[in-house]
Each structure stands twice: as C-alpha cells, then as structure tokens.
Amino acid sequence: MRIARVSAPTFVECFRSALGSMAAHGLRSSLTTLGVVIGVASIVAVIALLEGLQSAIASQFAGLGGTSLAISAMTPLEDALQGRRARLTPEDLELVRTRVDGVSNVTPLTVIHDEVHYGARSAVVQVRGTTHSYQDVYNSFPSRGRFLSPADDRQRRRVCVIGDQTRESLGMEEEPMGQFIGLAGEWCRVVGVMERKGALLGASPDHHVLLPYETMRSMAGPDEPPDLLIHLTVVDPAQRLATAERIRALLRRTRALTPEDEDDFRVQTMEEVAEALDAVAATVTTFVAGMVGISLLVAGVGVMNVMLVSVTERTREIGIRKALGATRHHVLLQFLIEAMTLSVSGGLIGLFAGAGIAAFVASLIPDFPTPVPPPAAAAVAIVFSALVGVAFGVLPALRAANLDPIEALRHE
Amino acid sequence: MPLITLKGVSKCYDVGGNTVSALHNVDLCVAKGQRVAIVGSSGSGKSTLLNLIGCLDTPTSGEYVLDGRDISVQDGRRLARIRNAEIGFVFQSFHLLPRLTALANVMQPLVYGGVPMRERKRRALAALTRVGLQDRGSHVPSQLSGGQRQRVAIARACVTRPSIVLADEPTGNLDSAATRQVMDLLDTLHGEGQTILIVTHETDIATRCERTVELADGRIVRDERS
Ligand SMILES: Nc1ncnc2c1ncn2[C@@H]1O[C@H](COP(=O)(O)OP(=O)(O)O)[C@@H](O)[C@H]1O
Ligand SMILES: [Mg+2]
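Each protein sequence line maps, in turn, to chains V and A. Letter by letter, the first sequence follows residues 1 to 412 in our numbering. Letter by letter, the second sequence follows residues 1 to 226 in our numbering.
Just so you know, the hints here were simulated from the structure itself, not pulled from any lab data. Just so you know, even glycine gets a beta-carbon here, dropped at the ideal spot from N, CA and C. Just so you know, not all the hints are guaranteed correct.
The following label-pair restraints were derived from C-beta to C-beta distances [what the hints assert, rightly or not]: (1) V:Asp404 <-> A:Arg122: 32 to 38 Å; (2) V:Gly20 <-> A:Ser10: 39 to 45 Å; (3) A:Gly16 <-> V:Ser30: 41 to 47 Å; (4) V:Val394 <-> A:Glu63: 35 to 41 Å; (5) V:Ala379 <-> A:Val73: 47 to 53 Å.
Here are the simulated SDA-like cross-link-like pairs (lysine to any residue), alpha carbons at most 20 Å apart as the crow flies [said to hold, decoys possible]: (6) A:Lys7 <-> A:Ser61; (7) A:Lys121 <-> V:Phe15; (8) V:Lys197 <-> V:Asp136; (9) A:Lys121 <-> V:Arg16.
If we strip away everything but chain A, and leave its shape as in the complex, we get:
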C-alpha cells in the first residue's frame, strides 16, 4: 500500500469573494522510500500540494490517506501530532526559530513530541552531527550561513525520524556549493530509505530523483519515472 494517496484532491482559496483554485482534482500515489521531484512554474500549486501532504492544510474536496489514515477527518490536535511525528519540513527560507540555538531548534520537534530532556539532547546532537554541524550547536541562526541554516533545518526535519521529508525549494536561497551540500544530505537520507518530496525549479535536482511530477495550473500534467 502506498504511503501517500491523494484521490481527486482540490484546494480552493477564497480571495475577496473570488474562488481561486490552487489544486484541481489531483490524484497522486507515493510509495514508501520514493524520492519525488515536484516541478512546475510559479503559482502552479506546488507549495499548496506540499502543505496538504504535510497536513498543514486540508483539502477542500477529495481524499488524502497518509499511511492508512484518512487525513480529511482528523481534528487540529491530531493533525499537529501527525506533523510532529510523521512529517519533516524543509523550507526555502529555513524557518528556524531565531532566538533559539541550532541545538534548541533541532530539539524543538522533540519538545512537542514529549521526549524527555536528556533523550532530546542526545537525538538532536546526533542529528546535528549527521549534517556536520555538531560544533555549531550553540550558535543562533543569525550566526550561521545560509547553507548551515538549511542543514540545521534538515537536521530538525529528520530528528523525529518522520515517514516523509517535505522540502519546498530547499536550495532556492542557496549558492551552488551550499546547494550541493544540501542535495548530498538529501541523497544520504534517501539512501537510508527516507521518503522525500522536493519542490524545485532546478533540473539537475529533479534529475537526481527517480520520479518527477509536473504541475500546471493546479493539475498534474506530467508524472514520469526515470
């Protein structure tokens, strides 16, 4: 059974009385361990799709089943639990908590997961070590470079060992060297069997993925495996 199943999913936004359709009747299945690139022009609905899959948002209509659970019938608290335990987000603009150190940022999802203090620290340090930033644990985000911030964000995304890592243009704000580091990290995660969805504009990132889904005007117009 696929990890992610979207059936006829639509998402509409109400903008000043007009209904804007961001996603239109999308069907998508992603198996466990797959790495999928989501491409498409700006405004085509990529982020909307990712947010739906990440349980940050719920579809206007259609069905979303994540690991056997129908997401459209979950309440806010359960969605928060699912985000905490099953989903790891990596955003284009990092979205680290500015006042917390790198280590505290990585520990934060474990705080919400109710993991005890010592265990949190151990796991967060391990995650920071995996992204090569074990000696930057005490730095706050403003003391880190963009590439380093994104690596902290990746450590934060996988510290809970989620079923899915969702990355929305993770390299959009990075130079080529940092981009390579981030992609290598995602490669490693993928090698360990992590399911990853990456929204990207860059073709060489898309070609690293075994599957590419292209969106246009809220519809899937291409879905190919290499």
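Bound-form chain V, shown alone:
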C-alpha cells in the first residue's frame, strides 16, 4: 500500500491556508492564542529568572570556594513532630573553636528580627550577631567606616554595622558613623555601613544590622538563645571532608547521641549549601512547571474548541476539497497545521512576552543579572506550543478528515 503523497507544496499550501483562516477570524484567533501566549510566556519568564537566580547564587558563593563548612542545627523529623527543636549553642561554638584543628575563621551567626529606632523613625530589620571573620565568609565588606573588630566582640561593645538600606529606612545621613540607634532597649553606636549587595530571592541583604556576637548574646537576656549557625574555613582544602567528619563525631559525643540517634545538626560543605539552594530552585521549577502545564492544558482546550467550531463552519469547504481530490490525509494535515500555526504563533508571542516579563521583574530587583532566555527556553516554547497544537488539534482534524464528501457538500 502506498502512503498518500503529502508533498512539500501541500505543506506550504496548508500553512498558507492556516494563516489565511487565522487572518479571517482575527479576534477569535488572537483570543485563542492568548492561552498559549500566557502559558509559554510564564515558562520562558520562569526559566530566564531561574537562570539569573542560579548565576546570582553562584556569584554569592564565589570566593567561598570549596573550603568552607557550615554547621547548623537540624531537627530530626521525629523530634519535630513532638515539638522539639534542635539548636546549636554557644558551647558548641566554643567546642569547635577550641577542639577542632586545621580550621580558621570560625564565625558564628545568630539571626533575629527586631525593631530598630533612630530619632523618630523605626524599622524592622534582620539583626545578625557575628564576628570579624563574617566579612571573609560572606564576601561582604563595609563601604564606609569599619567592620566589627575582635575587640568589640571580646568586650561586648554596644556597636553595630548597618546595611545601606537600613540606613536609608532610618533616614540617617550618608556617613552615619558615631550616631546611635536604639535596639532592644539599648543604644548601639554605628561604626560602619556595609556595601550594597542587592536583593536575592526577595530577602534584602542590605536591610540588616550587624552586632558583635557576644554583644548580642548579652543583650538577649535569659530567654532561650536564638539559633546559631557556624561557618568555618578548612585550612587545607584536601582535609575538608575529614574535618567535617571530625566535627560531626565531636558534636555527637558532646550531645551523647547513641548510635541509633540521628544527627540533630548538619555539617555541610558550601557545595552542599549551594546544592540545597539549587534544590530549592528545582522545587520552584517543578511547581511552576505544573502550573504552566495546567495553563497549557487550558490553552489547548481553547485551541481545540476553536478548531471544532472552525471545522463545523467550514464543512462545505471540506466537502469541496474532497470533491477536488483531497484525501483524508490532506484534510487531516490541513487542520493539524492550522491548529499548530495557531498555537505556535501564540508560543512565539509568548516567547517574547516572557523575555519581557523576566527583564521587567529583574529590573525591579536591584543587582539581579539581566535575564536572557536561554536558547533552550526558546526551543521549549516552540516545542510545547507545537505539541499543544498537535495534541488538541487531532480531534477536530480527525472530525474534518472523516466527513463524508456528499454530506459535507450538502451542508448549509
């Protein structure tokens, strides 16, 4: 049996006829493609933004290299279900400082959110208690004044370094050194302003106040101490994993964990932290992909609906084409190409709209890299919209192809 000849000229012809019928129903066609436009635009925008986000994450971790370790508390699921929360304590910090060899820059970080005051103004900011080596660990330096010194920490001085955005929110001058801000009922002298970093993932690293770790501990009072995060640098990069393992053993011992107990803390290399962030990005991607999938489904149903209407309206045309010798394949191809043209043109518009949305969103976030939709996003946009066209065009096209020529010709 020979395959019906569906030659290249027929294909071009079908494509032309598709454009013609889209033009003939301009409004209807554009409303139909709108669904595909929205679906594809969101895919492209999300891919572009995630791409930008990942490069931002990468640059945030650049300079940390593979020699950093992060120790954080991690509540095992069982305990969490019983309402317990694991914490790292100042004693743990002391232990790591004194009992682990071959490490430097052991940096504590405790974070609370609190209100700060300056004159009549106040702002809720992230208050971070940390030490001198924070600068190296976070690759973040003061642009004016100085950073917290080891002496500030030892002597629990009431001093602070503020983020540039905090300074703005409090209406402080460009050079606020020597001014006092109110924090938890105490006055802290501003000794420096951090360089601007730009926001990442909605959290603004410029809206914070940095206090010496010990100062923050002394101010916290008898309440439960805030959670602690410890960063450190392994001097010999080759010893990184061995050091992590030693820290783990040490902490397990001091906590008197039995072999059956899970760790209630986590020692991560910075790669692992970056991986964890990437995992977040992947989760976001999956979630968005699901939503996009649903919107493309809706878009596809729209395409199908319009194609069904179109087939009904053009029953007589189909009859004429069959009388002229169109085979089922010809008619099927014509309507499939029409559905595809409809959805792919939506996909193309969506591609540009998505790039525009991504650029706009990125422009709202300071220092976010300008997102360029990768070629893969363009390919995904075209392929997805074409698939939508085919998947939802098949039913109407089959209906057209299976029409009886006589019945179709007699159709009013």
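Given chain V, put chain A with the ligands in place with the hints provided.
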C-alpha cells in the same frame, strides 16, 4: 469499451429509519467523448447519479466500472485519487473556496495531485486563459460575478485534464448571457473530445447534447440520441 458502465446500480438513503431509494436498478453506458444531458424532475435522482459517477459516493448495490476499474471495491483514498485525476466537477452554486483567489482555486486540484508549484501555476493560468479570465487570477470569488465564478469553476474542473467533466445544473444560478458563455465553454471542451455529463432543466441545453437520459423516481425512463 465504454468509459462509464453502470450495471443494476441502486442507491438507498436511510432517513430516520425509512429507506429512501434515490436510484433504482440503473443501467447506463457512456462512451468516451460523449456529451450526455441528464434530465428529470426535481428529486428524480439526477444529482445522486452524478455523484456516484463522480466517485463522491458509492452505490448501495450494483456495479460501476470507470475506465476498466471497478469503483465499488476502491477505498476512500483511491476514490479521492480518482476524483482528483479523472473527474472534474462543476456545481450549480460554483463551490469555489471563498478565501482563495481565482488562480489558487484553479490550482487546488493540482495541489492534491502533487503537481510542483511552478507547473501548477502554469497550468492554472492556461486554464484561466481558456475561460477568458486570465486577468482575474488575483480576485477572490466574492469579487467575481456569478458567470465569472462558474467559468473559474470550469477552469478548475478541467485543469487536471480529467476523463469526465460532471456538471450539476451548471447554469441554474446564471442569467442568460452567462448561461450562453458557460454552454459555449462546454461546447469547446466537447469539441476537444472531453466526455461531459450535464444535469439540466433547460431544454435548449439538452438539445445541444447528442444524448439525453431522463430520470423519474430513480429510474431511467428515456435514453435517446439525436
Ligand atoms: N443525503 C441524502 N439523504 C437522504 N435522502 C437523500 C439524500 N440525497 C438525496 N436524497 C433523496 O434522494 C432523492 C434524489 O435526490 P437528488 O439526486 O438530489 O435529486 P435531483 O438532483 O434529481 O433533484 C430525493 O428524494 C432526495 O430526497
Ligand atoms: Mg440535484
């Protein structure tokens, strides 16, 4: 051997459970190059007969042999091929594709025949020239008069050089001047040896044909040659 041979052909339609017999035991032979008028009152089965001969439909029973091929055993794809290559239709209400230009309409059967683009254009232009509409190629049907539309339809019907041209009341929607033009065109085609079957109500059209077949209630009641 005749080009068209119908033997005991019947066509029944099922209308809401009742069987309507549109053609009943029809025998008909048409030789190559003949021009046959098919006449009869409305509802007598003329269009049904023409559609069967044009392979748009298949008989309920009986045998139809077209140019040596038994049509009742062909599948849909082969019937489409036969319609494309062997049959040219001219309908009462023109049946042009409304969004295509006259030239594109005439090219359409060649598209389905797989003729390459340049060849299509050349042949379609030649066909339009034959019907005197070479300068209307870029007009869409709504920009043409009824007579012009029917001439485009005739150009479309013979652009594939079919064995048979089937015209179902081709002048039914036309005024007398346009009717004359259309009949003259069919005369010319006939002069070139084209086999033509024309369904008509008009006696002066029927008298132009050398053979007249009259149908009544789905049967051939008269078949005379002049
Ligand atoms: N698709 C159909 N379904 C049911 N009945 C039909 C159909 N086509 C034709 N008929 C019936 O068949 C008979 C012949 O119709 P037709 O061939 O169109 O007559 P004519 O062209 O001579 O006026 C009529 O009674 C008509 O009602
Ligand atoms: Mg009729």
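Comparing the hints with the structure gives:
One distance hint, 32 to 38 Å for the beta-carbon pair aspartate 404 of chain V and arginine 122 of chain A, holds here, with the actual separation near 34 Å. In this structure the hint that glycine 20 of chain V and serine 10 of chain A lie 39 to 45 Å apart at CB holds, the actual value being about 42 Å. Between glycine 16 of chain A and serine 30 of chain V, the C-beta spacing of about 42 Å keeps the proposed range 41 to 47 Å intact. Hint check: valine 394 of chain V to glutamate 63 of chain A, Cβ distance near 37 Å, so the stated range 35 to 41 Å holds.
Our hint of 47 to 53 Å for alanine 379 of chain V and valine 73 of chain A holds, since their Cβ atoms are close to 48 Å apart. With a CA separation close to 9 Å, the supplied pair lysine 7 of chain A and serine 61 of chain A stays within the 20 Å bound. Note on lysine 121 of chain A and phenylalanine 15 of chain V: the hinted pairing holds, with a Cα-Cα distance of about 18 Å set against a maximum of 20 Å. Our distance criterion of 20 Å between C-alpha atoms is met by lysine 197 of chain V and aspartate 136 of chain V, whose separation comes to about 15 Å.
Under the criterion of a C-alpha separation no larger than 20 Å, the hint pairing lysine 121 of chain A with arginine 16 of chain V is consistent with the structure, at around 16 Å.
In the structure shown, no violation is registered for any of the earlier numbered hints.
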